[in-house]
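Undergrad: The chain contents come next:
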Amino acid sequence: MPDHRVLVIGAGIGGLTAASALALFGVQVDLVERRTALGGHAARFACKATDRCVKCGACLVTEAIAAATSDPRIRIHAESRVGEFRRTSQRFEFTIERSGEAMPGGGRAPGAGRDAAPPAAASADAVVLAAGFDAFDPKDKAYGHGVFPNVITLLEMEQELRQPGGLKRPSDGSAPQRIAFIQCVGSRDAKLGHLWCSQFCCGAALRAARRIKSLRPQTEITVFYIDIQSFGRDFETFYRQSQQDLRLIRAIPSEAFAVDGGGVRLIYTEGALHPATEAVFDLVVLSTGMVPPAGLDELAARLGLILADTGYASRDPANGIFAAGAVRGPMSIADSMADARDAAARVLAFLDRPWSLAERLPAAPRPPCSHLVIPQGACKAGDVR
Amino acid sequence: MTAFRICVLGNNACAWEIADRLDTAQVKVILAATDEAGDPRPHARRRAVYPHVETLSGVRLSSCSGQLGRFDLVFESRDAVIRQTVSAVVLAESDERRPNQAFYDLKPATGIVPLSSLLDGGCRPPAGAAPWKQVVFLNGLRTESQPVMAGDIMRAALQLQNEHGVQCCILTRNLKVAGEGLEALSREARAAGVLFFKFTNSGPTLLQADDGSARVRFVDDPTGKEFVLAPDLVVVDETVRPSDAATELARVLGIESDPAGFVQADNVHRLPVATNRRGVIVAGPARTVGADAAVEASNAALEVLIGLAAATADVSTAAQIESGRCIRCLTCLRVCPYRAVALDGRPQVLPAACERCGICAAACPREAIRIAGLEREDFHRFIAAGRTADPAGDSPSVVAFCCRRSAAPALRAAVAAGSCWAATLNIIEVPCAGSIAPDVILSAFRQEADGVLILACHADNCHSRHGNQLAHQRAELSAAFLDRCGAGPGRLVFKTLASNMPAEAAAIVTAFSATLRDLKPNARSARTPEKELT
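These protein sequence lines are chains W and V, in that order. Sequential numbering from 0 applies to the first sequence in numbering that gives the first Met the number 0. Sequential numbering from 0 applies to the second sequence in numbering that gives the first Met the number 0.
These aren't lab readings, by the way, just hints derived from the structure by calculation. It cannot be assumed that every hint is accurate.
Here are the computed lysine-lysine pairs in the DSSO-like style, where the Cα-Cα straight-line distance is at most 27 Å [stated by the list, open to error]:
#1 V:K106 - V:K132
#2 V:K494 - W:K212
#3 V:K106 - V:K197
#4 W:K167 - V:K224
#5 V:K132 - W:K190
#6 W:K138 - W:K190
#7 W:K140 - V:K197
#8 V:K224 - V:K197
The structure presented is a predicted model; accordingly, all values stated were derived computationally and were not measured.
Full structure from sequences and hints, please.
TA: Spelled out as structure tokens, the structure:
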């Protein structure tokens with residue numbers, strides 16, 4: 000069997016899944032990730048279980064990272080990017096260079112990968128573009144993000160929610176009693192030319208809201224929305240519970256103002272029949288949507304691709320180059336994983352490679368049960384109560 | 000590779016896409032369908048000839064026994080029983096759309112049609128009849144709509160508006176645009192003159208005259224104006240459901256369904272196309288609403304091949320039932336989440352179906368089931384290792400039984416991030432929290448643990464369906480027992496976690512360590528004089 004190599008750009012949930020699928024079929028993979036940590040945005044999402052799992056899929060990322068980092072056919076290049084890129088008659092030749100981008104917010108997130116020494120030059124038979132998405136930057140919206148400390152984005156909320164005990168107000172660390180979510184910030188917005196629904200934010204916001212309620216039932220949560228989108232397999236039930244637990248208002252606030260004590264006043268109108276209404280919240284979460292990642296146009300130019308009108312990549316943007324996951328447009332974690340496996344299948348078909356797992360290395364036998372002892376002495380002095 | 004034979008159940012675009020993928024991979028396919036599979040719908044078939052695909056038409060699957068690598072299928076047709084042996088099975092049956100007419104209290108009439116009828120008729124006014132001036136679409140006014148439904152409605156309205164000059168009105172609650180291109184489509188429809196009326200808590204009143212014609216009356220939410228529409232046609236939305244054939248196949252194959260009846264459990268560990276039975280794959284419209292046939296097919300084909308490769312790997316490590324100890328109580332048959340126990344005179348484990356979760360071994364009242372590496376001796380050895388790590392014995396000793404899929408990675412990440420606690424923590428990683436038998440919990444206390452944590456996956460997030468519930472029940476029973484023994488409450492704690500909750504995991508251990516510091520050390524421990532007396 001020929002020794003095929005594939006370059007996968009981006010180690011978010013899409014890139015990790017595509018790389019692992021290809022490696023299972025004996026393909027050698029170079030997985031290039033510009034950040035330090037693997038897993039992309041999804042690795043920074045919080046579990047949103049209430050008294051039970053609500054099927055957000057964020058926990059699947061841990062397994063995807065473990066699978067990719069344990070497969071010897073995947074060479075991981077973290078904090079790296081594709082430099083020069085050239086198509087030769089049959090293959091692609093490229094260099095991998097340091098990206099100089101660490102994890103946003105600093106630090107090494109769990110799952111930071113093995114970092115093989117980046118080769119000066121490498122080549123591949125096919126390329127999977129899994130560059131993911133960026134969260135919309137709401138600085139130009141009239142909600143005061145970046146100015147008022149208690150106006151945060153969905154991603155910032157997700158990271159807060161990873162801490163035990165749930166959300167805290169950035170201004171004073173207190174537990175917010177009144178929280179507002181504003182949906183569709185940067186999505187479904189003709190002024191911005193964003194003619195897409197970001198698909199994941201209704202699920203993220205409602206699931207997060209119900210998690211917050213389950214941790215602190217007294218919290219009052221309002222969700223401002225245009226249309227609540229369906230998510231999950233039992234949406235009707237989830238939506239009914241949300242309508243009971245939360246206040247859902249079909250209006251998008253026009254402006255936010257800071258009030259004394261760190262509160263945020265929102266102004267909204269539910270329709271011509273209703274007067275403009277004001278309400279004060281302790282914390283406002285902007286459900287910022289997905290946009291094509293910064294630098295995608297520049298990367299596309301180097302790869303010789305033409306992007307779609309939306310700014311996202313098309314499914315098979317060029318001969319031998321395949322796009323997977325949210326770089327094609329907004330997608331949930333589950334959809335991104337399925338899309339990445341589809342991309343892997345299309346790569347295998349393109350390589351005209353027998354779909355054989357014959358070369359698959361036998362999986363290291365994993366003992367069903369193992370143990371790890373952490374003696375108290377391993378703790379850092381001073382942290383022990 | 001060509002030795003594999005895969006049975007694809009279904010005769011739709013997705014089933015043929017799967018056949019296409021497997022045929023390309025030179026894997027033999029039997030495509031079996033209740034209808035005429037040899038003559039698939041034209042759009043379903045990409046190529047004229049599939050050298051590796053054979054079809055079985057007009058057959059119904061009546062039983063499926065065996066395991067990944069070898070399933071014995073029995074089909075029934077009108078006049079024959081057909082037996083097939085295959086390596087894996089893919090359920091790729093269709094969905095169906097049921098009109099929501101009854102939700103709107105509308106009687107069947109010529110001016111009221113389900114969406115599918117309009118689409119099947121090419122989405123144009125009938126020839127010869129008076130041209131339509133106005134068409135009203137009802138979308139998600141009683142039950143929540145779906146993007147696939149909203150997309151079909153908007154495309155139909157756009158076509159009628161643009162090509163036939165019909166004024167279209169879409170009456171909807173939440174407009175579902177969470178699908179590729181749907182927001183842009185809604186803008187295009189609006190620009191073409193399609194009117195959208197959105198309802199939040201209210202809805203239109205539908206009045207039907209004796210001749211069946213309907214009038215629609217409502218107050219428009221944003222403007223407060225009252226509208227009365229007398230459309231030439233009312234198009235009723237539909238609910239997408241798995242077909243009856245799919246539901247029946249799920250029953251025959253013994254796989255779990257979701258609350259709406261789609262043939263895959265509502266469990267993230269089954270994503271994208273797996274089921275609770277190894278070697279049985281689900282894909283396409285009967286799996287979930289609005290799935291992309293090509294994406295589903297690729298996933299199904301990859302999953303089948305990856306699964307078959309894994310099947311041959313390590314059969315020897317599967318659970319084994321010692322026939323001398325087994326009393327045929329069939330507990331294992333009942334508790335196995337993966338249908339890996341078959342009854343052939345006595346219960347037997349199907350090694351290629353076994354996921355080594357350990358649930359059966361922990362549940363067996365005779366301790367007749369053994370899994371290499373997950374035996375009582377293994378547990379005892381690991382428990383003992385925690386005690387020797389702290390010879391001075393001045394910190395509480397905690398045994399934490401952690402599920403490999405959730406708590407173990409969360410705690411390891413917490414340790415890697417520098418979290419710490421005032422206890423010696425012995426993390427025992429198990430394939431499923433359901434593999435921990437009550438006597439194993441108690442043996443941790445017998446071996447001088449001051450406290451035991453049982454950390455499982457959240458409810459509805461167990462790869463082994465109910466391993467976390469079983470763990471919870473056993474923890475409660477053991478805690479009650481400890482309490483009766485006078486060991487004091489609080490020494491045994493059950494919690495659920497996800498793999499991405501390291502901070503929460505650390506907080507649980509910290510809080511537990513603090514609790515144990517306030518309790519007396521385990522009475523059996525060397526730190527107490529009682530030990531010296533015994």
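Undergrad: Does each hint hold? Answer for all of them.
TA: For each hint, the structure was consulted:
1. V:K106 - V:K132: 22 Å, holds
2. V:K494 - W:K212: Given pair V:K494, W:K212 holds - Cα atoms ~19 Å apart, limit 27 Å.
3. V:K106 - V:K197: Holds - the C-alpha atoms of V:K197 and V:K106 are around 24 Å apart, at most 27 Å.
4. W:K167 - V:K224: Violated, at about 43 Å.
5. V:K132 - W:K190: With a Cα-Cα distance of about 33 Å, the restraint between V:K132 and W:K190 is violated, given a limit of 27 Å.
6. W:K138 - W:K190: The hint holds at about 15 Å.
7. W:K140 - V:K197: 25 Å, holds
8. V:K224 - V:K197: 13 Å, holds
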